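Given only the sequences and the hints, what does the whole structure look like? Please build it.
Given next are the chains, with one letter for each unit.
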Amino acid sequence: MNKCQDIRERLGLYLDNELQGEERQQFESHLRECEVCKALLDHELDFLNTVRTSSPLYVASPELREKIQHQLLSKQEELVEAQHEFQRRKRSQAKLTWGLLVAAVLLVLLLPVVIIRLRNNSKAPETGGASTFALMAADVHMRHTRGQLPLEITASSPQQISGWFANKVNFSVQLPNYQESSGQEKLYTLEGARLVGFKDDYAAYVAYQMKQRPISLVITADATAQPSGGEEIKARGLMFHYNAIQGLKVITWSDRGLTYALVSDLEERGQQSCIVCHQGTKDQDFIAPLKPH
Amino acid sequence: MEETGRPNLTFNEAALEHLDALFGYAMTLTRDPATAEDLVQETYVRGARAASKLAAATNLRNWMFVIMRNAWLNQVRREKTGPRFVDFADEDPTIDDWPADADNNPQVVYLRKLERDEVRRAIESLPATYREIVLLRDIEGFSYQEIATVLGCPAGTVMSRLGRAREKLRQRLKNWQTKSKAKAV
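Chains D and B, in that order, give the protein sequences.
Mapping the first sequence onto the numbering used here, position 107 (from 1) lands on 107, and the numbers just tick up by one.
Mapping the second sequence onto the numbering used here, position 43 (from 1) lands on 43, and the numbers just tick up by one.
It is worth saying that the hints were derived from the structure and are not from the lab.
Quantities reported herein were computed from a predicted structural model and do not represent experimental measurements.
One or more of the hints may lead you astray.
[Stated by the list, open to error] Pairwise CB distance ranges, derived in the manner of DEER restraints:
1) B/ARG164 - D/SER157: 29 to 39 Å
2) D/PRO150 - B/ASN74: 28 to 38 Å
3) D/GLY21 - B/SER160: 18 to 28 Å
4) B/LYS174 - D/SER157: 38 to 48 Å
5) D/SER157 - B/ALA55: 48 to 58 Å
6) B/GLN41 - D/GLU267: 40 to 50 Å
In this text, a Cβ means the ideal position worked out from N, Cα and C, and glycines have one as well.
Set out below in structure tokens:
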């Protein structure tokens, strides 16, 4: 595609702050060189500013405000309980934050020791520098397989799981329904899902089984976690980070605003776990680069 | 949660901070002040009832918007003869359908000088799904992902729908500008 045309199609994304990282840098670099595109950007910005500075479009009347206040107060008993619960959750959230902070500090201090021990004790080669997100994903996978992290929803329907997350996380969890739509042999089963705490927020945790072996998929917004460290493998325009953590194979990557971690104890780099989303024959091209050479 | 910076805020104090935004969204959905006020009240009742189940990490504003949208969709389903979302084809007023007073200000020549009322009228004239997405992004400042959560659709849909909505809005404002210029001459 023509570079200018490509840039012009993404003016809105750029001005909405939806372009990140390398994509944003390339966009800005082009604008420095192309006066025509820069002029179009200014024009678009002018238009958006006109719309945005018209905010607020509507203001609630004082009567409505009074009605709502009265309405809330008339439900005092219900509300008092709700408020108490709200505050309790706030406090537990604060504790969780401190807990995570302490855990993070301990992790930083102990990580070299853990890695050395794992390198000495484990047959699987360990890759250092795993991101906190990859470590968290490995941890929740282990806790779930030990029965210490029960699922909050048990369902085999991807739509049901996606719907369950709808009002619980600030991003959209869209699980593919590959094996049903492809008509292929059922290679894995979807078990269910739950929320897991990560960096003052919730991440989405989805559990699968493939031939009695558990696979975990953990999803969060890329603003919350960025994949890093480990062995870097490029495939289909994405950068995958592979880590071996306590004998588990953890693959992390970011795509379209979300960061994913896939955890399993499958062979090699655990690349076969990718079939929970990529089961088609053509997807073998996608999985192949993740195999060790 | 967005209230984390103000941990002592009670639920009703925190929720009331979003009253204007919620009323604006209700107006966008219903286009009728009385219906919008009813919808806002129903949203707060539902919110207060469900507040104890609200996870601490939840963004309260986004959560209230989702409640409002669900309440509105329920109302639309209940009242078959009442308010409803209209298909694009059913609701695409041309420049001639605009309120007459939109043409009465010859001083406004350039787009950047359009007053709030004119922009509001232009947004109000958009089809329902377009004015909703423009309000969420450009007036309320939701990210694409947050809009996807409120609307229950993929972020890619948000992106394409927002592009079409802005194009339509740009045309409306341009048409309006042209008519204003003609009047001014």
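Please check whether B/LYS174 and D/SER157 have a Cβ separation lying inside 38 to 48 Å.
holds, 47 Å
Is 28 to 38 Å respected by the C-beta to C-beta distance linking D/PRO150 and B/ASN74?
holds, 32 Å
Within 18 to 28 Å or not, the Cβ separation of D/GLY21 and B/SER160?
holds, 22 Å
For the pair B/GLN41 and D/GLU267, does the Cβ-Cβ distance stay inside 40 to 50 Å?
violated, 59 Å
Are B/ARG164 and D/SER157 spaced within 29 to 39 Å by their CB atoms?
Holds, since B/ARG164 and D/SER157 (Cβ atoms, about 31 Å apart) stay within the stated range.
Can you tell me whether the CB distance of D/SER157 to B/ALA55 sits inside 48 to 58 Å?
Since D/SER157 and B/ALA55 have Cβ atoms about 23 Å apart, the given range 48 to 58 Å is violated.
The earlier numbered hints that this structure contradicts are 5, 6.
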